[in-house]
Amino acid sequence: AAMHRFICVCIVASAHGLLTSVGTPHGSLRRSNRCLLPRCCMDAAPEMPSDVDSLYDEPEAPVTATPPSDMDTVDADNRRMELKASLLAVAAASSRGEAAQASDISTARTLVDELERLSPIAEPTLAPECLGTWELVFADTQLFRSSPFFMAGRAVCTDGAEADRYDWFCDMHRAALAVSNIGKVRQGIDGAR
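For the sequence shown, the residue numbers in mature numbering (1 follows the signal peptide of the UniProt record, and there is no 0) are -17 to -1, 1 to 176.
No wet-lab data here; the hints were simulated from the structure.
Model, not experiment: these values are computed from the prediction.
Using N, Cα and C, we set each Cβ at its ideal position, and we do this for glycine too.
The reader is advised that the hints may include incorrect statements.
To be verified - Across the chosen pairs, the derived CB separations fall in these ranges:
1) Ala138 <-> Arg100: 20 to 28 Å
2) Ala75 <-> Leu160: 33 to 41 Å
3) Ala68 <-> Leu160: 50 to 58 Å
4) Asp58 <-> Phe152: 26 to 34 Å
5) Thr93 <-> Ser130: 23 to 31 Å
6) Ser163 <-> Arg62: 33 to 41 Å
7) Ala75 <-> Ala159: 35 to 43 Å
8) Gly166 <-> Asp55: 24 to 32 Å
9) Ala76 <-> Asn164: 46 to 54 Å
10) Val162 <-> Val57: 43 to 51 Å
11) Asp96 <-> Ala146: 18 to 26 Å
12) Gly143 <-> Gly174: 30 to 38 Å
Model the full structure from these sequences, guided by the hints.
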């Protein structure tokens, strides 16, 4: 079986990420086996970066001969804000993705892809705005799989029978705890690791 692809959205308090980093004014966006959006999306910092998991190569930012005009920048900022609001609406309507339909997941992935394309940050994974505490607001898989523990567990399983067994284990783990609620899911990024 193919590796479980997931999206998590963590919102920070800026314009490029989705949420507001707890304890810091900025956040970022992570994607596929990566977090999609941190607590940033409000209206603080339009230059918020997108963040891609280290398992994936990040595309290089296109080189432009002339800098964008002020109007282009305003249009891009407005478009990013619209996309973030749409992504937050999907997250809220689907209980952070727990009740998401296939169309919700597809919509979220499309929104994140466009947000990443519009990112004004050349190397978002190296940006200091990624530091802080992020709160998960959307995932396209079981919420507990967004924890570093379960992500590491999945990373050591190769594709095929091992991956199938790990997916089965995760399904059984959630079924056994179905009577419980998953509260806030947070992750701290301090740049030290």
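Worksheet item: For the pair alanine 75 and leucine 160, does the Cβ-Cβ distance stay inside 33 to 41 Å?
Response: The hinted range 33 to 41 Å is violated for alanine 75 and leucine 160, with Cβ atoms some 23 Å apart.
Discussion item. Taking 20 to 28 Å as the stated bounds, is the beta-carbon spacing between alanine 138 and arginine 100 within them?
Written reply: 27 Å, holds
Item to complete: With 26 to 34 Å as the target window, see if aspartate 58 and phenylalanine 152 comply at their CB atoms.
Response: Violated, since aspartate 58 and phenylalanine 152 (Cβ atoms, about 47 Å apart) do not stay within the stated range.
Discussion item. Quick check: does the Cβ-Cβ distance between threonine 93 and serine 130 fall within 23 to 31 Å?
Written reply: At 26 Å between Cβs, range holds.
Fill in: Hint check for arginine 62 and serine 163 - Cβ pair distance inside 33 to 41 Å
39 Å, holds
Practice prompt. Hint says 35 to 43 Å; check whether the CB-CB distance for alanine 75 and alanine 159 agrees.
Written response: With a Cβ separation near 28 Å, alanine 75 and alanine 159 fall outside 35 to 43 Å, so the hint is violated.
Discussion item. A range of 43 to 51 Å was offered for this pair. Does it hold for the Cβ distance of valine 162 and valine 57?
Written reply: Distance hint for valine 162, valine 57 holds at roughly 50 Å.
Worksheet item: Using the C-beta atoms of aspartate 96 and alanine 146, is the stated range 18 to 26 Å upheld?
Response: This hint holds: roughly 24 Å between Cβ atoms.
Item to complete: Indicate whether the distance between the beta carbons of alanine 68 and leucine 160 respects the range 50 to 58 Å.
Response: Given range 50 to 58 Å: violated, Cβ gap about 32 Å.
Worksheet item: Between alanine 76 and asparagine 164, does the beta-carbon spacing fit 46 to 54 Å?
Response: 18 Å, violated
Worksheet item: Is 30 to 38 Å right for how far apart the beta carbons of glycine 143 and glycine 174 are?
Response: Given about 35 Å between the Cβ atoms, the range holds.
Worksheet item: Has the hinted range 24 to 32 Å been met by the Cβ atoms of glycine 166 and aspartate 55?
Response: 42 Å, violated
Figure legend: structure checked against the earlier numbered hints; hints not met, in rising order: 2, 3, 4, 7, 8, 9.
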